[in-house]
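Peer 1: Each chain is listed here by its residues.
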Amino acid sequence: MSRDPSGWAPRSVSRRDFLAATGVAGAIGLAGCTRAASSEPKEVNIAGSSTVFPIAEAVASDFVQEYPDINVSVSQTGSGGGFSNFFCPGMTDLNNASRSIAEDEQTQCSDNGIEPIEFTVGTDALTVVVNPEADWVDCVTIDELRQIWRADGAERWSDVREDWPDEPFEFYGAATVSGTFDYFRETVIGEDANHRNDYSATEKDRTIVRGVNGSPYAIGYFGFSYYSENPDAIKALAIDNGEGCVEPSLETAKSGEYQPLSRPLFTYAAKESLADPAVEKFVRYFIEKAATDLVSDVGYVPITEEEKRKNLDRLDTALEDLA
Amino acid sequence: MAAETRTDETDFGEVSRLKDRVFESVTLAAALFGIVTLAVLLVYVTVDAVGWLDWQFLTSPPHPLAEEAGIFPALVGSIVLMVLIALVTFPLGVGAAIYLEEYASDGRLTRFIQLNIANLAGVPSVVYGLLGLGLFVQLLSFGYGTLLVAAFTVSLLILPIVIIAAQEAIRSVPDSLRQASYGMGATKRQTIRNVVLPRSLPGIMTGTILALGRAIGETAPLIMIGVPTTVFGVPNGLFAKFSAMPMQIYTWSSYPDTAFQYGVVSAGVVTLLVVLLSINSIAILIRNKYQTERS
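Note that the protein sequences, when read in sequence, are chains A and B.
First residue of the first sequence: 1, per full-length UniProt numbering; consecutive thereafter.
First residue of the second sequence: 1, per full-length UniProt numbering; consecutive thereafter.
Calculated directly from the structure, the hints in this document are not laboratory data.
None of the values given here were measured: they were computed from a predicted structure.
Wrong hints could be hidden among the right ones.
What the hints assert, rightly or not - Residues from chain B that face chain A, not an exhaustive set, calculated with beta carbons under 7 Å:
1. Ser16
2. Gly134
3. Thr229
4. Thr230
Stated by the list, open to error - Away from chain B, derived, C-beta distances all over 12 Å, residues of chain A:
5. Asp69
6. Asp135
7. Cys139
8. Arg146
9. Gly153
10. Glu257
To be verified - Short derived list, chain B residues pointing at chain A, Cβ under 10 Å:
11. Ala30
12. Phe33
13. Leu58
14. Leu65
15. Ala104
16. Ser105
17. Gly107
18. Thr110
19. Gly143
20. Pro228
21. Phe232
22. Ala240
Don't be surprised by glycine CBs; every beta carbon is placed ideally from N, CA and C.
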């Protein structure tokens, strides 16, 4: 019997075609992978603050166009979430933070043999926002903010000031993994009280914009860039720290008038990761770019030349230590 | 048998043309509801995407300014992920289907496996994400959010669908062809290779490619296995961090700038849909090609 009865041949050919096609597709797919596997994969992994995220994104976006062979990834985990879940266990090279590293995080890092090195990458004006219809309020004192946001604090607007409406607050704030939360708690609420926990907590600042925009009696806080992108949807409150009301803006944050809510933003590099030339290149690039308009484009104050010099000194010292 | 004629009451009740018409309109409305909603969505998204979906968008990395934002790393990530998923699911899915249809006897074990596969096909994707996190990330240490972990996790997700589609295709091969092959002295393996597989290939291919279409739309398992929020380069290895289109679209939807929520997100959605529809049309082309060859 010949193994070629008419009618069967075309099918077996087409199967062969198919196998060839799959083979080619697979080969292309594998080639894409092995091309890089032959050399050390160059990666820079970043996690951390959603406040610093826009700066990191702008820097990374420009960086990969200059160094297309380095793959940069950024995750939004919140400053604290980034330190404890990613950076200190040694899974990321850099961690963005909207506050300085805490002591217990330092300990966790050194337990794992990770030495964090701090670089300042900008200044933010932490902004308290209300609904645009809330025409009764334009300026609050820090003390009033404390009344509003502390645990067992004010429940209704009229609890804080007599002439404010007798309506309940709706609270929108940063989640507890967020550096914004930590900074707000530290500077506004202080040691003696706790931040209230009956509020909508989120690491997605966009949710706060939506929530505050949706209710006339809502109040929230987040980094300045989310306000500067939505000036019509929400109203920023001026802050009175005893020397008159100061509106949040890039100018007042830069000049230091907007106190105490203007705060430095950081990125922390793991010293051990700096040994990788890709990471070192990225950190150097980040520091250079943090002093340019790229930072003000996304709604923060760029670092000064002096801060930049300090950052570079710190980087060079770390590199000398490694060598 | 004296027939008891019941002219006034039949089992069908009263004949009513009006009811008939109403019923027809109700079913038509049901049929149109989904299609119209989808059409409205497509029009909305496409209108919003106009002016944003351009060459610059397709070839640039993400950027916080809407005008400079691009989807390139996520586009490449999605396609590479899909190729890997295909390489994993096709042999596993077809292998399992061949065993279940051709070799397994119709015993308790087979029915148990069969029942489980049918159930697995309905398990929510976030559960597969957890499985991927536990198995590939923590137990096997393939790394957080890497390409390989994502490929295996999503492969597991669509594997039941591929197996079921392949089984259907294999089952549709007439038994007479197998008997003829045996009659010519062919072994079981030869029969499967020369008779069953070529015959069922169009069905298997269609099922696999449609499942792949579902795979590249998945976001939940990717979030669970720790795929980064944003990636700025194309994946340069199996253990590289990567991003996929649905992931990037989800990220953009929470950006402060409203230009992202409308323009850039829509442009991303249109890109994703175009890739999806191209895959589905490839599936249809392949099926048609094989079907005409057979007849």
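Peer 1: If any of the earlier hints don't hold here, list their numbers in rising order.
Peer 2: Violated hints (numbers, rising): 1, 2, 5, 11, 12, 13, 15, 16, 17 and 18; every other hint is consistent with the structure.
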